[in-house]
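Start from the sequences and build out the full structure, keeping to the hints where you can.
In order, the protein sequences belong to chains A and B. Position 47 (the first sequence) corresponds to 47 in my numbering; numbering is contiguous. To convert a position in the second sequence, counted from 1, into my numbering, add 1000.
Don't take every hint at face value.
Stated by the list, open to error - Chain A is faced by these chain B residues, among others (derived, beta-carbon under 7 angstroms): (1) T1484; (2) D1494; (3) V1497; (4) T1499.
Unchecked claim - To be clear about the criterion: a stretch of chain A counts as covered by chain B if any three or more of its residues have a C-beta under 8 angstroms from a C-beta of chain B, and this derived list gives those stretches: (5) 73-83; (6) 107-115.
Think of the hints as simulated: they come from the structure by calculation, not from any bench. Computed from a predicted model, the values in this text were never measured in an experiment. Idealized CB from N, CA, C, for every residue including glycine.
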Amino acid sequence: MAGKPKRRQNKILVATGMTKRFSGLVAVDNLDFYIPEGSIASIIGPNGAGKTTFFNCITGFYQIDEGELIFDGNRIDGRSPDQITRSGIARTFQNIRLFNNMSAIENIMVGQEPHLKSTWLGSILGLPSTRREDDDTEERGRELLQFVGLEGKGDMISKNLSYGDQRRLEIGRALASKPKLILLDEPTAGMNPRETIETTGFIRRLRDELGITVVLIEHDMRVVMDISEHITVLDYGRKIAEGLPEEIQNNPDVIEAYLGRGAAASAGKSLAS
Amino acid sequence: MDLSQSRTRQAIITLGLLSGALILFTGAVGMIAAFHEREVVNDFITLGQLVLLITPFIFGYTAANRLGMTGESPTSVIGGGIIIGLLTTLPTTLLLLFNSDEFRFLLDWSLRLAPFVVATAIAWRLHRQNVETFTLIGSWLLAAVLIGIVTFSLALIFEVKGELRSVLVNINRDWVEVVTFDNRKDLMRGIFVFSLASAVAGFVGSLCYYVPRTPRRAMFYGLSVTLLVGAFGETVRLVLQENLERDTLNQLFRRDTLRQNAALGLLVVSTVIGYLWAAFGDRARQGFQNLGGQQRQTTQMIGTVLFVAVLLMLPWLIGRTLSDVAVTIGLFVLMGLGLNIAIGLAGLLDLGYVTNYAVGAYILAVMTSIGPLGLMKGTFSFWMVIPIALLAAMFAGFIFAVPVLRMRGDYLAIATLGFGEIIGKLAISDWLKPLIGGAQGVQAIPKPIFLGTELRNPEQLYYIVLVACLVTLFVSIRLNNSRTGRQWMAIREDEDVATAMGIDTARAKLLAFTLSAATGGVAGAIFAAKVGSVFPNSFTVFISINVLSLIIVGGIASNPGIVVGAVVLIGLPELLREFSDFRFLLYGALLIMMMINRPQGLIPTKIVTHEMRAGVKAKVAAGD
Ligand SMILES: Nc1ncnc2c1ncn2[C@@H]1O[C@H](COP(=O)(O)OP(=O)(O)OP(=O)(O)O)[C@@H](O)[C@H]1O
Ligand SMILES: [Mg+2]
Chain A
1 MAGKPKRRQN
11 KILVATGMTK
21 RFSGLVAVDN
31 LDFYIPEGSI
41 ASIIGPNGAG
51 KTTFFNCITG
61 FYQIDEGELI
71 FDGNRIDGRS
81 PDQITRSGIA
91 RTFQNIRLFN
101 NMSAIENIMV
111 GQEPHLKSTW
121 LGSILGLPST
131 RREDDDTEER
141 GRELLQFVGL
151 EGKGDMISKN
161 LSYGDQRRLE
171 IGRALASKPK
181 LILLDEPTAG
191 MNPRETIETT
201 GFIRRLRDEL
211 GITVVLIEHD
221 MRVVMDISEH
231 ITVLDYGRKI
241 AEGLPEEIQN
251 NPDVIEAYLG
261 RGAAASAGKS
271 LAS
Chain B
1001 MDLSQSRTRQ
1011 AIITLGLLSG
1021 ALILFTGAVG
1031 MIAAFHEREV
1041 VNDFITLGQL
1051 VLLITPFIFG
1061 YTAANRLGMT
1071 GESPTSVIGG
1081 GIIIGLLTTL
1091 PTTLLLLFNS
1101 DEFRFLLDWS
1111 LRLAPFVVAT
1121 AIAWRLHRQN
1131 VETFTLIGSW
1141 LLAAVLIGIV
1151 TFSLALIFEV
1161 KGELRSVLVN
1171 INRDWVEVVT
1181 FDNRKDLMRG
1191 IFVFSLASAV
1201 AGFVGSLCYY
1211 VPRTPRRAMF
1221 YGLSVTLLVG
1231 AFGETVRLVL
1241 QENLERDTLN
1251 QLFRRDTLRQ
1261 NAALGLLVVS
1271 TVIGYLWAAF
1281 GDRARQGFQN
1291 LGGQQRQTTQ
1301 MIGTVLFVAV
1311 LLMLPWLIGR
1321 TLSDVAVTIG
1331 LFVLMGLGLN
1341 IAIGLAGLLD
1351 LGYVTNYAVG
1361 AYILAVMTSI
1371 GPLGLMKGTF
1381 SFWMVIPIAL
1391 LAAMFAGFIF
1401 AVPVLRMRGD
1411 YLAIATLGFG
1421 EIIGKLAISD
1431 WLKPLIGGAQ
1441 GVQAIPKPIF
1451 LGTELRNPEQ
1461 LYYIVLVACL
1471 VTLFVSIRLN
1481 NSRTGRQWMA
1491 IREDEDVATA
1501 MGIDTARAKL
1511 LAFTLSAATG
1521 GVAGAIFAAK
1531 VGSVFPNSFT
1541 VFISINVLSL
1551 IIVGGIASNP
1561 GIVVGAVVLI
1571 GLPELLREFS
1581 DFRFLLYGAL
1591 LIMMMINRPQ
1601 GLIPTKIVTH
1611 EMRAGVKAKV
1621 AAGD
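As structure tokens, this is what we get:
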């Protein structure tokens, strides 16, 4: 278990009665949900449970059909993705979605968009303010690259980076917008055990060093149990459990959702280990 | 072993017949005969004959490469080259025989026998697959009848018309003359010479595989240079005319063709240079790379200065006719640089680029014309209207972009294509006739006047285009490395994610369309001033397609690529006017070949090369 900081009562994100349907299929079903500010929270659930859809609803990629979303005291449902990014939520994608033919540093520079002001005319004329902003953007980009462990790889085309580096770069790009809340969709998917451990430590640093609230979707139970302070379990778009890691580990509903009724009893231990 | 042999045989036969089909096709469309009109080396070889020989040579070399890699013995590699040379002549030889009086009966007989032979072959195939007898007979009859209908009607047509030529118009005397190497009277001799020459070409091609890399590259380089100079003799002479004495020139050229001695000299010199380049070029490049930052910058500076100096002196170097071509190329470079903002940077496939060109041209025409349609009758000069044309084109780009902002990819392409057509129709319409003259267009557009001199010659107009291109180049490089450029690229790569990053994609796309349109307007205005009149039929979809193609051929998002693309796709056809019948045929063939063999373009950007290399490495790693 992670050393828990003092639990703050502030809820940075609150969803009430949130529902998302895809022509008949209810992907997220009347979900009530909150994330404590400054925590590392996890969302788990079997394949197709609606976890990614949940992220897409929060970030404005999908518009929710019912319910409301409150982030940092403001309603954000109905806003467009760029408005939501500007209000302080950043994300990564389950299937990495970098700007493939751009270099690593350029990816991060695009990530800084919400804070940039220069215009095309300024760039053509080479105005001093524009140049300064470009230089600052690049410098901050290099710092972020260093933070995510991609020092010296800034000029590589992101397509040619290794898989793990691509995941790191995507997190770096998300961080570039200086978010208050970051949503990571399966950040360790496809990584080997060593990389997984590194990434776990890295995610903790996001919260501890940068003070960002982290929500991650994760299938690797060791990672989840290791770093989460709050876990939400989804199944068929519904919340079936919520709480501290140890509460979740022993929850019969959760074990059942993952392994089916028959195996529930025997598998309780393996999930806990 | 057996497998490898049958595969070898198959490869040779496929390549040989492909090469033969190429010769047959180029002959049947009349290209070979047309090319025969142009001599490459005086009294030695024509362009038509060159095509006949270079084809088996290339295919022989390709086959040798392929077979050699798989470890075939030299005998079978070289034998393969010879066979390919012979197969190359086969289809053409058959056609020659069918076309001659003595052997006409061969055609008649083959047309009559074909249905039975083919039907039997099909039936035999089916028989081997254990098909019932009844079905077998049925399919034999069906095949025979179906094929018979075709071949018998062909036979009938030939019988009635008397000659093949009446059906295949280009299978005529001229063609026979070329493919028999001037032995039209003695057909057998002609076929023998043709086959022998082709076999030798295939043989030499396959032999080249065994020449070590450096001399081989030198040889190819020397040959290409000589043959290109020969093929473009007229152009080369025009260039040299500006700088050489008439007597010297006449020693090198007889009218527009290279003399034999000159060709030989050129071959030797260019091979030697090619050898030096192949042997030491790598080392030179290495040396350049090893230079310290300071020295390297100096070298690059010197290179740039030299390049600009050549650009500035170009009209003196190449003379009037070619300056005219250079102006046309420049106009397309201008448009290419503009369209590249939309396509290369922002990934917006705009097929209606001609709109901007037309807007620029008509604005200039109407505002400066001193004819009946001129609005201002001389109050506005060329220089004052250029910015107006630019703004008008930007405005048009903006207006047309608004409705298509939400479209992506193919849909966007089709919509913009439609806009391009609308502009063409508007220009020719009765509705706008009082303003822009309908089909009669606008005439009497004065030439630009600079410091009291009228810029009427292409040599002078060249500088206007040059300045416009350089300014555009500067702007596009600045934009490329700016926040705006990165926004565009992000949209090109993944529009949804770009939105999520906080980019206002609608705004960025509008800006891309608008800025991209600007240079089209300037190009149109310069074009109008150059020609002195504007007609609606100058503004067809082919302009859009030309600009798009030159970007693709040069290498998408690559500025040097755009220049090379414009030279190849716009310049060469201007120099080869006599072959304009085949312009789009060759154009299409070139595009297809590019897409298959070099999809990254002639001068790709670093990123694309990276990507392709990575692909190759991955293939190699996977043991492919
Ligand atoms: N755009 C869409 N259109 C239609 N159905 C969708 C769409 N996106 C998701 N779904 C459906 O919604 C359900 C939830 O999908 P979602 O991707 O959110 O699952 P998940 O929990 O992320 O699963 P996984 O662990 O496999 O990533 C699935 O049944 C999926 O098919
Ligand atoms: Mg998912």
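*Answer holds if the nearest beta-carbon of chain A is closer than 7 angstroms to that of V1497 (chain B); otherwise answer violated.*
5 angstroms, holds
_Coverage of the stretch 107-115 of chain A by chain B (three or more Cβ within 8 angstroms)_ = Since three or more residues must qualify, the claim that chain B covers the stretch 107-115 of chain A holds, with 5 doing so at under 8 angstroms.
*Should the interface hint for D1494 (chain B) be scored as holding, given a Cβ-Cβ cut-off of 7 angstroms against chain A?*
Hint on D1494 (chain B): holds, closest Cβ of chain A at ~6 angstroms, below 7 angstroms.
*Once the shortest beta carbon distance from T1499 (chain B) to chain A is found, is it less than 7 angstroms?*
Since chain A brings a Cβ to about 5 angstroms from T1499 (chain B), closer than 7 angstroms, the hint holds.
_chain B over the stretch 73-83 of chain A, status - at least 3 residues with CB closer than 8 angstroms_ = With 3 residues close enough to chain B, the hint holds.
*With a cut-off of 7 angstroms, does the beta carbon of T1484 (chain B) approach a beta carbon of chain A closely enough for the hint to hold?*
At 4 angstroms from the nearest chain A Cβ, T1484 (chain B) passes the 7 angstroms test, so the hint holds.
When held up to the earlier numbered hints, the structure conflicts with none and fits them all.
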